[in-house]
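*Asks:* Below, each chain spelled out in residue letters.
4 protein chains.
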Amino acid sequence: MTDKIKVAVIGASGRMGREVVKMVLEDEALTLVAAVSQSAGDIDAGLLVGKPASGVKLSFNLSDALHSSKPDVMVDFTTPQAVYSNTLTAIEHGVRPVVGTTGFTPEQIEELDKLCQSRSIGGLIAPNFSIGALLMMKFAAEASKYMPHVEIIEYHGDQKLDAPSGTSIKTAELISEVREELRQGNPKEEETIEGSRGGYYNGFRIHSVRLPGVFAQQEVIFGGYGQTLKIRHDSYERAGYMPGVNTAVKKVMTYTGMIYGFEHLMD
Amino acid sequence: MTDKIKVAVIGASGRMGREVVKMVLEDEALTLVAAVSQSAGDIDAGLLVGKPASGVKLSFNLSDALHSSKPDVMVDFTTPQAVYSNTLTAIEHGVRPVVGTTGFTPEQIEELDKLCQSRSIGGLIAPNFSIGALLMMKFAAEASKYMPHVEIIEYHGDQKLDAPSGTSIKTAELISEVREELRQGNPKEEETIEGSRGGYYNGFRIHSVRLPGVFAQQEVIFGGYGQTLKIRHDSYERAGYMPGVNTAVKKVMTYTGMIYGFEHLMD
Amino acid sequence: MTDKIKVAVIGASGRMGREVVKMVLEDEALTLVAAVSQSAGDIDAGLLVGKPASGVKLSFNLSDALHSSKPDVMVDFTTPQAVYSNTLTAIEHGVRPVVGTTGFTPEQIEELDKLCQSRSIGGLIAPNFSIGALLMMKFAAEASKYMPHVEIIEYHGDQKLDAPSGTSIKTAELISEVREELRQGNPKEEETIEGSRGGYYNGFRIHSVRLPGVFAQQEVIFGGYGQTLKIRHDSYERAGYMPGVNTAVKKVMTYTGMIYGFEHLMD
Amino acid sequence: MTDKIKVAVIGASGRMGREVVKMVLEDEALTLVAAVSQSAGDIDAGLLVGKPASGVKLSFNLSDALHSSKPDVMVDFTTPQAVYSNTLTAIEHGVRPVVGTTGFTPEQIEELDKLCQSRSIGGLIAPNFSIGALLMMKFAAEASKYMPHVEIIEYHGDQKLDAPSGTSIKTAELISEVREELRQGNPKEEETIEGSRGGYYNGFRIHSVRLPGVFAQQEVIFGGYGQTLKIRHDSYERAGYMPGVNTAVKKVMTYTGMIYGFEHLMD
Numbered sequence: 001m002t003d004k005i006k007v008a009v010i011g012a013s014g015r016m017g018r019e020v021v022k023m024v025l026e027d028e029a030l031t032l033v034a035a036v037s038q039s040a041g042d043i044d045a046g047l048l049v050g051k052p053a054s055g056v057k058l059s060f061n062l063s064d065a066l067h068s069s070k071p072d073v074m075v076d077f078t079t080p081q082a083v084y085s086n087t088l089t090a091i092e093h094g095v096r097p098v099v100g101t102t103g104f105t106p107e108q109i110e111e112l113d114k115l116c117q118s119r120s121i122g123g124l125i126a127p128n129f130s131i132g133a134l135l136m137m138k139f140a141a142e143a144s145k146y147m148p149h150v151e152i153i154e155y156h157g158d159q160k161l162d163a164p165s166g167t168s169i170k171t172a173e174l175i176s177e178v179r180e181e182l183r184q185g186n187p188k189e190e191e192t193i194e195g196s197r198g199g200y201y202n203g204f205r206i207h208s209v210r211l212p213g214v215f216a217q218q219e220v221i222f223g224g225y226g227q228t229l230k231i232r233h234d235s236y237e238r239a240g241y242m243p244g245v246n247t248a249v250k251k252v253m254t255y256t257g258m259i260y261g262f263e264h265l266m267d
Numbered sequence: 001m002t003d004k005i006k007v008a009v010i011g012a013s014g015r016m017g018r019e020v021v022k023m024v025l026e027d028e029a030l031t032l033v034a035a036v037s038q039s040a041g042d043i044d045a046g047l048l049v050g051k052p053a054s055g056v057k058l059s060f061n062l063s064d065a066l067h068s069s070k071p072d073v074m075v076d077f078t079t080p081q082a083v084y085s086n087t088l089t090a091i092e093h094g095v096r097p098v099v100g101t102t103g104f105t106p107e108q109i110e111e112l113d114k115l116c117q118s119r120s121i122g123g124l125i126a127p128n129f130s131i132g133a134l135l136m137m138k139f140a141a142e143a144s145k146y147m148p149h150v151e152i153i154e155y156h157g158d159q160k161l162d163a164p165s166g167t168s169i170k171t172a173e174l175i176s177e178v179r180e181e182l183r184q185g186n187p188k189e190e191e192t193i194e195g196s197r198g199g200y201y202n203g204f205r206i207h208s209v210r211l212p213g214v215f216a217q218q219e220v221i222f223g224g225y226g227q228t229l230k231i232r233h234d235s236y237e238r239a240g241y242m243p244g245v246n247t248a249v250k251k252v253m254t255y256t257g258m259i260y261g262f263e264h265l266m267d
Numbered sequence: 001m002t003d004k005i006k007v008a009v010i011g012a013s014g015r016m017g018r019e020v021v022k023m024v025l026e027d028e029a030l031t032l033v034a035a036v037s038q039s040a041g042d043i044d045a046g047l048l049v050g051k052p053a054s055g056v057k058l059s060f061n062l063s064d065a066l067h068s069s070k071p072d073v074m075v076d077f078t079t080p081q082a083v084y085s086n087t088l089t090a091i092e093h094g095v096r097p098v099v100g101t102t103g104f105t106p107e108q109i110e111e112l113d114k115l116c117q118s119r120s121i122g123g124l125i126a127p128n129f130s131i132g133a134l135l136m137m138k139f140a141a142e143a144s145k146y147m148p149h150v151e152i153i154e155y156h157g158d159q160k161l162d163a164p165s166g167t168s169i170k171t172a173e174l175i176s177e178v179r180e181e182l183r184q185g186n187p188k189e190e191e192t193i194e195g196s197r198g199g200y201y202n203g204f205r206i207h208s209v210r211l212p213g214v215f216a217q218q219e220v221i222f223g224g225y226g227q228t229l230k231i232r233h234d235s236y237e238r239a240g241y242m243p244g245v246n247t248a249v250k251k252v253m254t255y256t257g258m259i260y261g262f263e264h265l266m267d
Numbered sequence: 001m002t003d004k005i006k007v008a009v010i011g012a013s014g015r016m017g018r019e020v021v022k023m024v025l026e027d028e029a030l031t032l033v034a035a036v037s038q039s040a041g042d043i044d045a046g047l048l049v050g051k052p053a054s055g056v057k058l059s060f061n062l063s064d065a066l067h068s069s070k071p072d073v074m075v076d077f078t079t080p081q082a083v084y085s086n087t088l089t090a091i092e093h094g095v096r097p098v099v100g101t102t103g104f105t106p107e108q109i110e111e112l113d114k115l116c117q118s119r120s121i122g123g124l125i126a127p128n129f130s131i132g133a134l135l136m137m138k139f140a141a142e143a144s145k146y147m148p149h150v151e152i153i154e155y156h157g158d159q160k161l162d163a164p165s166g167t168s169i170k171t172a173e174l175i176s177e178v179r180e181e182l183r184q185g186n187p188k189e190e191e192t193i194e195g196s197r198g199g200y201y202n203g204f205r206i207h208s209v210r211l212p213g214v215f216a217q218q219e220v221i222f223g224g225y226g227q228t229l230k231i232r233h234d235s236y237e238r239a240g241y242m243p244g245v246n247t248a249v250k251k252v253m254t255y256t257g258m259i260y261g262f263e264h265l266m267d
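Residue numbers (my numbering), protein chains in the order written: chain F, 1 to 267; chain P, 1 to 267; chain S, 1 to 267; chain D, 1 to 267.
Be aware that one or more of the hints could be misleading.
Where chains are identical, the list cannot tell them apart; a pair therefore holds if satisfied intra-copy or between any two copies.
[To be verified] Keeping only pairs whose Cα atoms sit at most 16 Å apart, straight-line, the calculated EDC-like set for lysine to aspartate or glutamate is:
#1 188 with 162
#2 188 with 158
#3 4 with 92
#4 4 with 107
#5 230 with 189
#6 6 with 28
#7 170 with 111
#8 138 with 107
#9 6 with 72
#10 160 with 189
#11 114 with 237
#12 160 with 191
#13 145 with 263
#14 4 with 190
#15 57 with 111
#16 188 with 28
#17 160 with 190
#18 160 with 28
#19 250 with 27
#20 51 with 26
#21 251 with 263
The set of hints was computed from the structure by calculation and includes no laboratory data.
All chains, please: the whole structure from these sequences, using the hints.
*Replies:* Listed below in structure tokens is the structure:
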């Protein structure tokens, strides 16, 4: 029998933190040993997330919590301001950090990598933990090598301010790195309604749909002689990130050094 | 036992005419009695379309063909230039015209209606015989009464010159006739890539995708609290019009007067 | 300026009741005048649903609440056991009932209709308030008259016990009432894996997909010469019923008698 | 400037052969130098496929054609009976074979590989040249490592005899090779209509839809917490194989030895 992985959750009362607590409590291969929150008070972490009492009360101080509970892994979805310091603290205690944020500089990541190496532990920093979204982007880039005619359609709620979405632009960048130079469409094409052909990006088009009821969806369509290939990811809610975090918690036990980007754990 | 409906096909050697000849030969409720073509010569209409000989040779002259074969219905997908005169000829012979074209003036249609009434026969003129496309447009308009947040995405081959497509504009018009006034989206919305939000039409958006391998597809999406409704029509080839023509040939036997628009036969 | 419609919500602390309270508070054409709950205690209805205080505290007794607040409409999503009595009480007070349940007998509906008539008020009892789902079913039945080749695919969460879903069976019934008799598929068709062709219903097939992450989705696909027509409804969460309830609250003000089935309000 | 690749097409008057001839004539990087057919007579290969005259008349004898035209590559979509002998002949002439068939034994492939090696030329034998379908299968297998909850829906014309399709079974096999053991769904699940949950394959389900108007489509759906990932391939016609053949003709110039399976050229 394998030992369970001992997990500490930082920012346990935040929107993402609660989802992480739930996920840890629901996986028999994991055990919650600490839950840190600076705002939620002296209550049981299980009760906080609408589950039975877990026996783990919320802690106020990260360092104390790591010292007394000796976790294998710390999961941190707090603010960009706090995570760098939290990550240093974790590594000092020999605890593997799994961090969801975009706020680190390359120099910070390099430094954290060295610290992880010196303690012989792994770590992960990732801006996106949605396995489905990462697979969509990876497959889209790979398909564009063989089927270079492509368009992207992304769907979000009707109150979103910016178009196109960050994920669609990231997808377009990944495609552009590997796709042959190609200006698609008929050179004499004319729009009778301006904008109907979508936004132009490096030879192809991105279309942004905004409708109430939609959370976040994206479809990448490839066309060729007599066929189309579609890769579509539909995200319905925040909990969609949890399978990625779960995988990260398990994989971070198996390597040494700090890795940036969840996609590098998907071999 | 019901008698078969006797059908004459005009422009039998054209792209649409051949499909009509095939359709008539394949339906046991119909019988081909004449096939007129001014270019294809003295051959059997069945052989012309890759089927066994039908016993009907192509005729050169419409009036002679109608006189000798006494059809119940004439189907005409020839040129806008020719159909008006053909339709007059058919009605004079007491033959019900089923015509696929957009070239008639309102005055011509009114005159042809009177002629049909005076002969106590039915007739049909229709710009679109695709039952699926007509249902899509009808349902889209109806849905927009209850779910006014809507966007249209249409897909065509990458060599198409104009965007958006005629069908998508027709759909947008039908929606606009019944949908409440509504300017969708966040008023502060910004495009970081121009055109990504698509073409603006009366408060909502139309997106035109152009990819090789696609013939003609359209999806109308409605969004509301926690739900989306999608109505999608995929057209793969010209033969998709034939079920509509088939229905028209049968329905035109059951009423008196000239009807404009296939949708009026779909009660 | 039109007067606001005064609404009482019964079962205000239940899962659906909370959504109704939220919906009423968010619509400027409606005003919340009473919220009845037998379990939630003496708190403000707005606070209960995570909104600012509404000035309406939860009431314990329905009859008292209706007497003192004089609502125009009562919305009731409580248990099948309770709704009949609640509905009688509402009508006695001249309050129009909008009820979401399946538990009434035809005799009860008839009796409630007479009572509504005698008080000259409207009422609505409906098993399904999802406008999108009702439109999907309506359009599917209508399309099957013209494109009789049809299959249904429905998607639900992987822990759902029964297959196919109630909505898919209801859709199949509505299709069967209007579609011509037709046994689809090749008569010599063989399944090399049993069940792969789905469940047989009156000549066509129903397929039930069960996957984690899915709430409730259904697609009805029609096939014909060279084309397909798809009608798809995706339901992402419970709140998807609220636009229907909102419409019902407004429409029930405009007619007399008890109507069964929300679709009859969609003319 | 790169030299054009000289191509010979065997079985040039067959359904696939004609598509290959067209494809070669349309690509400026390729030049047609021979077209062999044992049935079509002494006509120009371009005229045969509805294009302008190509200057290449159909040949009757393969060996003579290869001897006089000295092609770089031979493309062969003839019968399983003929291809082995054709492939031997090509290699003897130092011509790279690109062969679309399933009829070879492992021993034959090994022998042909040795012969290619000894002549220092490449060769390819592939049962499926649809790039889109191959990408779909590859991505589906890869996704199942990360999102093990999966179902397959495949769509074909309503006269197809067998269900599920060969491609869906191949996809299910590839998924099973890498996916963790998992019996999906609720163990207490019950079908009220037998077969509605589809065909069972190694813990997951395959659904076969059969409708007129559909050529060949497949969707592989993965579900996880709050998200779904879909990979869909729509094949509209035979010409959909040509981009794969085109790639093969170019890649076969770049390696030595016989490769089995087009997917191995997609690195």
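*Asks:* Determine which of the earlier numbered hints do not hold for this structure and return their numbers in increasing order.
*Replies:* Structure breaks hints 3, 4, 5, 7, 8, 11, 14, 15, 16 and 18.
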